[in-house]
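Hints given; two lone chains; assemble the complex.
Protein chains in written order, with our numbering: chain X, 1 to 251; chain R, 1 to 433.
There may be inaccurate statements among the hints.
Stated by the list, open to error - Each computed SDA-like pair below joins lysine to any residue, with the alpha-carbon atoms no more than 20 Å apart:
(1) X/K110 with R/E405
(2) X/K141 with R/E405
(3) X/K184 with X/L236
(4) X/K141 with R/G422
(5) X/K153 with R/E402
(6) X/K141 with R/A19
(7) X/K141 with R/E402
What the hints assert, rightly or not - Just some of the chain R residues that point at chain X, by a computed CB distance under 8 Å:
(8) A372
(9) T376
(10) R388
To be verified - Covered by chain R, according to a simulated footprint, are these stretches of chain X (three or more residues, beta-carbon under 8 Å):
(11) 19–26
(12) 71–83
It is worth saying that the hints were derived from the structure and are not from the lab. The structure presented is a predicted model; accordingly, all values stated were derived computationally and were not measured. Backbone N, C-alpha and C fix where the C-beta goes; we use that ideal spot for every residue, glycine too.
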Amino acid sequence: MLEIKNLHVKLEEEDKVILRGVDLSIGAGEVHAIMGPNGSGKSTLSYVLAGRDGYTVTDGSASLEGAELLEMEPEERAAAGLFLAFQYPVEIPGVGNMTFLRTAVNAQRKARGEAELTAGDFLKVVREKARALKIDAEMLKRPVNVGFSGGEKKRNEILQMAMLEPRMCILDETDSGLDVDAMKLVADGVNALRGAGRSFLVITHYQRLLDHIKPDVVHIMAAGRIIRSGGPELALEVEMNGYADILGEVG
Amino acid sequence: MALPQAKDDALTARLSALALPESAGWLGAARSEARARLLAMGLPVRRDEYWRYTDPSSLVAPAAPVAVRFNPGDEPEAFDAIDRLKIVFVDGVFDADASDDLTLSGVEIERLDRAGQADIHWAQGTYGVLEARGQTPVARPFAALNSAYATDGILIRVTGRAARPVALVYVHSSETSDAILHHCVKLEAGSNLTLLESGPAAARFNKVLEVEVGDGAEFHHIRVQGRDHERRAATHLFARVGAGASFRSFTLTANGRLTRNEAVIELAGPAARAHLAGAAVGDGDFHHDDTVFVTHSAPNCESRQVFKKVLMNGATGVFQGKILVRPGAQKTDGYQISQSLLLDEDSQFLAKPELEIYADDVKCSHGSTSGAIDETALFYLQSRGLPRTVAQGLLVLAFLAEAIEEVADEAIADDIRSRLEGWLARHAAKAGK
Numbered sequence: 001m002l003e004i005k006n007l008h009v010k011l012e013e014e015d016k017v018i019l020r021g022v023d024l025s026i027g028a029g030e031v032h033a034i035m036g037p038n039g040s041g042k043s044t045l046s047y048v049l050a051g052r053d054g055y056t057v058t059d060g061s062a063s064l065e066g067a068e069l070l071e072m073e074p075e076e077r078a079a080a081g082l083f084l085a086f087q088y089p090v091e092i093p094g095v096g097n098m099t100f101l102r103t104a105v106n107a108q109r110k111a112r113g114e115a116e117l118t119a120g121d122f123l124k125v126v127r128e129k130a131r132a133l134k135i136d137a138e139m140l141k142r143p144v145n146v147g148f149s150g151g152e153k154k155r156n157e158i159l160q161m162a163m164l165e166p167r168m169c170i171l172d173e174t175d176s177g178l179d180v181d182a183m184k185l186v187a188d189g190v191n192a193l194r195g196a197g198r199s200f201l202v203i204t205h206y207q208r209l210l211d212h213i214k215p216d217v218v219h220i221m222a223a224g225r226i227i228r229s230g231g232p233e234l235a236l237e238v239e240m241n242g243y244a245d246i247l248g249e250v251g
Numbered sequence: 001m002a003l004p005q006a007k008d009d010a011l012t013a014r015l016s017a018l019a020l021p022e023s024a025g026w027l028g029a030a031r032s033e034a035r036a037r038l039l040a041m042g043l044p045v046r047r048d049e050y051w052r053y054t055d056p057s058s059l060v061a062p063a064a065p066v067a068v069r070f071n072p073g074d075e076p077e078a079f080d081a082i083d084r085l086k087i088v089f090v091d092g093v094f095d096a097d098a099s100d101d102l103t104l105s106g107v108e109i110e111r112l113d114r115a116g117q118a119d120i121h122w123a124q125g126t127y128g129v130l131e132a133r134g135q136t137p138v139a140r141p142f143a144a145l146n147s148a149y150a151t152d153g154i155l156i157r158v159t160g161r162a163a164r165p166v167a168l169v170y171v172h173s174s175e176t177s178d179a180i181l182h183h184c185v186k187l188e189a190g191s192n193l194t195l196l197e198s199g200p201a202a203a204r205f206n207k208v209l210e211v212e213v214g215d216g217a218e219f220h221h222i223r224v225q226g227r228d229h230e231r232r233a234a235t236h237l238f239a240r241v242g243a244g245a246s247f248r249s250f251t252l253t254a255n256g257r258l259t260r261n262e263a264v265i266e267l268a269g270p271a272a273r274a275h276l277a278g279a280a281v282g283d284g285d286f287h288h289d290d291t292v293f294v295t296h297s298a299p300n301c302e303s304r305q306v307f308k309k310v311l312m313n314g315a316t317g318v319f320q321g322k323i324l325v326r327p328g329a330q331k332t333d334g335y336q337i338s339q340s341l342l343l344d345e346d347s348q349f350l351a352k353p354e355l356e357i358y359a360d361d362v363k364c365s366h367g368s369t370s371g372a373i374d375e376t377a378l379f380y381l382q383s384r385g386l387p388r389t390v391a392q393g394l395l396v397l398a399f400l401a402e403a404i405e406e407v408a409d410e411a412i413a414d415d416i417r418s419r420l421e422g423w424l425a426r427h428a429a430k431a432g433k
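Bound-form chain R, shown alone (with noise of 0.2 Å):
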């Protein structure tokens, strides 16, 4: 079937501007077949109803806009104090000498290029396969568009308990840098790894993250997006996890002109259990995009989104998530909860909770709320001598706290309270009235 104008010229335009990097092999192979699944579905516009609550122009644009580089000062880098293994992206290139050697107990490593060139890989199962699966029942064009463009990633196979966690930090370092990374990970049966991103990465990102939970298998993600006022990002983390497995992603969004932020999750085997959580906080020209897909593809399985957005000086938040239970998969206990805290009258919280349910013997419950902050909490805790802005940061963080809770990590979990705090004594002065 043709694709509408609108969309061929946006693909043809962005196309232009891509080359396809060389691999031969499977490499070559998954690249041709996603570009392929790309050609067929054409890059959004803002009619398509998945792209309703953001406007995709600034991604779909040939060229990324340009983006300051943010200069943190002396914040310290997220997860300074976690022991961890560093793996350097700098524009969405790999920086072998930033990086640690990328040698792990019960971990291998490995490059996407030089895993390419293999001729037979494990990651021949993963790599643009979960992403292909995610493509329906809605179609993720950047997705495919990367599994076909990515000119670099990682590809991580965890055998046993991982020594530590490994951490990818994306250093953004050219106002006009426009970086495509995909990453797979393959979580063997019973194996277990923390995996922690951190960084704008670039003015403009574009990533997949692939990741198969094996069966009774442990992942944990907690990712940082950075504190750049102007970098745009679409991500999209797509998961299979399996019998009696844990899936658990936290993701920590601070500022950024425009955020999309997709997750496409499968229960696939019985007792599996996916914890998505979200904690953003804006000001100003900030447009976060949560849009979270999981499906409940077996029996006795729980899932639990939690997204909270503080939003101020006419900030947008957006949530689209959606909790699909096939038939059979009976016992599903799936909760969902959205919630924005908006702290002046000019921000906005759009959301569209979803559910479909194909099975009966099921627990599904969702929420979405959007306010503002309790102003009589706040005369409260003033009137016990707390200045305005402490009182209201204390209540963001309150606001918060439900997200922050899926981080089961306690130091790391301190290590996003305290980024906040930091945010929010930052952005206080602005806040307080």
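Next up, chain X with everything else stripped away, as it sits in the complex (with noise of 0.2 Å):
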């Protein structure tokens, strides 16, 4: 599904370097964990994996299903199937929460030349999905992400995720800011998505989120690099005795 290869990236103002050559691969249907300590380069591999402007790709390169991924326009990359759930999901005053999902999917489908959905057959499809996650009328109404509190914008994420049905969806942090029923309705969500040859990348701190998104493989961040690479086990020996030791006995 998800190649990366020796992917290194730096700062496009700064020239402070980010990522130190990353290798990754996910298979369709796995799911995937990366923890690792602030400034560790997760968040940053998220963006330049979904081609958020500010970096430069100096080596290694980013295959989705074998289309190179670092070419395209980010809607480009959405609409070949990549989804990244932010962790800071943006405010956008005078644009209807509606109204952005209608023109997302629409758009999508637009670009992988599928008809467009009416607007009858879209508001059935988001109904329902809305009230798997407990997003009530009034929050669809709303312009996208004001006046949400934490828990909201994250199930907001996980909603515009359902809608368009990516093949590889990224999860930047979703449990950062969210108390534990809030975490168990997103990661309902979430685990209601897997199965099809969908793959994931959960990006996280702490490895209670991945208590209820169980992976198939975690993986720990460090410096720009994935220094290593195991089973569910990993995420609670990180839990048990922090990142020190990995990092010691790496370094």
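Set out below in structure tokens:
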């Protein structure tokens, strides 16, 4: 599904190197988690994959189902099946959540050569999916993320994911700012989307999210590289001993 | 007091190209008085404080600079879907064949020259009168010139609830047309009218609209200034709003080499309300100036000014807005916001918001901002699959939304939005990097 090879990235303006050779291969239907201390490059990896400005790829490649990602515009990556659930979902005053969702769904369908959803069909689908995430009609009407609580914003991200049905989902610290109940709700939303060959990359500081979204593979990232990979037990090890041991071991 | 030489020269040159229309009776007198006002003030030059941000020279020039007509293609005419009474002017001349029959329940409509022949006429109390009041504290020479030299216009008296909107349609036909139109609207107490204006009008257009809103009356004004790239326009809107009356005006400007829209509004009776809004989108050789002066003369009045501009490829936006609260106008609620969205670094926005308050129990707020498109929001939308141009269009419409909200009629608001969407789609290729 997602193949990242020897990815080197620096900040465009500061000449600061963030990723120093990331290798990652995620198969269809697999769930991978990346853990790591602050500043290890986890979020940068997610932004670079989604196509945010401000980063320069100095070496390496990333492909999605064989297609070279790094050459594409962000919207082309989305149409190709990539989705990034933001750590900080953006508030957009003046743009209705529903208008936004429908424009997004139809833009992707159009890019893929599929027929656009009619207003009626769209409404039916969005209501059903919103209900499962406990997103009420009022939230759908409001401007995108404006005045949403932290939990509402994250649920809104998962709703977008459910509507867009991406092949490869990246969740960037989706658990940050969530209480236990909200985290459970978001995790249930994510788990409902598992299967059908859909892959996930879950970026998190803490093991607790991985209690709810069970990964197949856990990677530890530090100083712009993946320094260790293993099964779910690796997350537990981090939880017990912190990153220091692992970092020390490698260093 | 003698005028500075530059002003005097400009005035002489301009007037040499004009003939005072022959009017007897009240209209003739009104024209002479306006001409005397004009001679006393002269025409503006760049050094005038009130014209600091907008070069008046092409408006002052004896002849209208050539403006090639713009072909709008298959874009529907403004307000096409709205049931309205159409009054058409071609290059500033009334076109009876293209216009509807001027009869409308609750409304009297008359051409200016015909009304001018009457011995006495209601418009005596309006024509040039609101304009003259609006000349202090700041001179508005183009408006005085208009009252003196207007070649055509429409007088509308509203006695009840107008059966449907009256639409003034301005067709631009000649590349050198220089149109001067003067309209008056008088809403009697408790009456109601929606007035629509659309079209580029002429190569150069000077228009005055005077509106007297009687006690408890409601006036809605929605204007779309046409997409001609090369046209120039100086327009003035003078209004006096009576007790408990409501005045609302919204203007959409897309393109135009030079547009100066002045609005001079007086809240004259207690609990009067005036909302002024404008949305302007400009690409390239575009200069748009909103100059607004709202006077609160009575207590418990509310005024709102919401002006938004989207500028790209070196376009310029200007806002000069003032709220004057006179002594005794207690419980005034004044709000003013002017904002621009600059889509590149070549475009500029110049704003001069002012408050002058002589009452002690008032609430007035004003704000002016100028900013670029929110790149974070743009990326967020793109990451959901929206092409950059579509995402930018959504953000631009969101930016303009507060101004468009001032259009109360949903069908008309939809017309405005779809016009903007069309404009944005056409200019997207240029705007997208």
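Report holds or violated for chain R covering the region 71–83 of chain X, Cβ cut-off 8 Å, minimum 3 residues.
-> holds (count 7)
Restraint outcome when R/T376 is required to lie within 8 Å of chain X by C-beta distance = 5 Å, holds
Can R/A372 be said to touch chain X, with a Cβ gap under 8 Å?
-> 13 Å, violated
If you draw a straight line from the CA of X/K141 to the CA of R/E405, is it 20 Å or shorter?
-> Status holds; Cα separation ~17 Å.
Satisfaction of hint between R/G422 and X/K141, Cα-Cα up to 20 Å | Violated. X/K141 to R/G422 sits at ~24 Å, over the 20 Å cutoff.
Taking 20 Å as the top limit, are the C-alpha atoms of X/K153 and R/E402 close enough?
-> Violated. X/K153 to R/E402 sits at ~24 Å, over the 20 Å cutoff.
Has the region 19–26 of chain X got at least three residues whose CB is nearer than 8 Å to a CB belonging to chain R?
-> violated (count 0)
Within 20 Å, alpha carbon to alpha carbon, are X/K141 and R/A19?
-> 58 Å, violated
When you check the alpha-carbon spacing of X/K184 and X/L236, does it fall within 20 Å?
-> 19 Å, holds
At a threshold of 8 Å, is the proposed contact between R/R388 and chain X supported by beta-carbon distances?
-> Holds: closest Cβ of chain X sits about 7 Å from R/R388, inside 8 Å.
Measure nothing beyond the straight line between the CA atoms of X/K141 and R/E402; if it is 20 Å or shorter, mark the hint as holding.
-> OK: X/K141 and R/E402 at ~17 Å, within 20 Å.
Given the hint that X/K110 pairs with R/E405, test it: the Cα-Cα distance must not exceed 20 Å.
-> 31 Å, violated
Hint violations for this structure: numbers 1, 4, 5, 6, 8, 11, all remaining hints satisfied.
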